[in-house]
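In short: position in the sequence shown from 1, add 6, done, that's my numbering.
Worth flagging that the hints you see were computed from the coordinates, not collected in a lab. Accuracy of the hints is not assured; some may be wrong.
[Unchecked claim] Computed Cβ-Cβ distance ranges for the label pairs, DEER-style:
1. Asp78 / Arg47: 34 to 44 Å
2. Asn81 / Ile34: 47 to 57 Å
3. Gly8 / Ala33: 15 to 25 Å
Fair warning: this is a prediction, and the values are worked out from it, not measured in the lab. Cβ atoms here follow ideal geometry from the backbone N, Cα and C, with glycine treated the same way.
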Amino acid sequence: EGRPHIVDMIKNGEIDLIVNTTEGKQAIVESHSIRAEAVRRDVTYYTTLGAAIATCIAIEHLDDSEVNRLQDLHNEVAA
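Throw the hints in and build the complete structure from the sequences for me.
Following this line, the structure appears as structure tokens:
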């Protein structure tokens, strides 16, 4: 409805992640242009709340992990 709308925002690079749940055939048809533009612009696109929640949890924990060199891990196991 009206402009600018979500597709315009995707085209303008204003959107980095989309969560778009649909219910019913009409909603699915209406979301086609959003999905298509998201694919064209390589914007992450989720269609279920479960996937969106899992992504939020993963984002919360991005800084929680540490990176280890494989050689160091091998030395620990070998010792």
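Tested hints:
For Asp78 and Arg47, the hinted distance range of 34 to 44 Å is satisfied, since their beta carbons lie about 39 Å from each other. Under the hint 47 to 57 Å, the C-beta atoms of Asn81 and Ile34, about 54 Å apart, fit the expected range. Take Gly8 and Ala33: their Cβ atoms lie about 18 Å apart, and the range 15 to 25 Å holds.
The structure meets every hint from the earlier list without exception.
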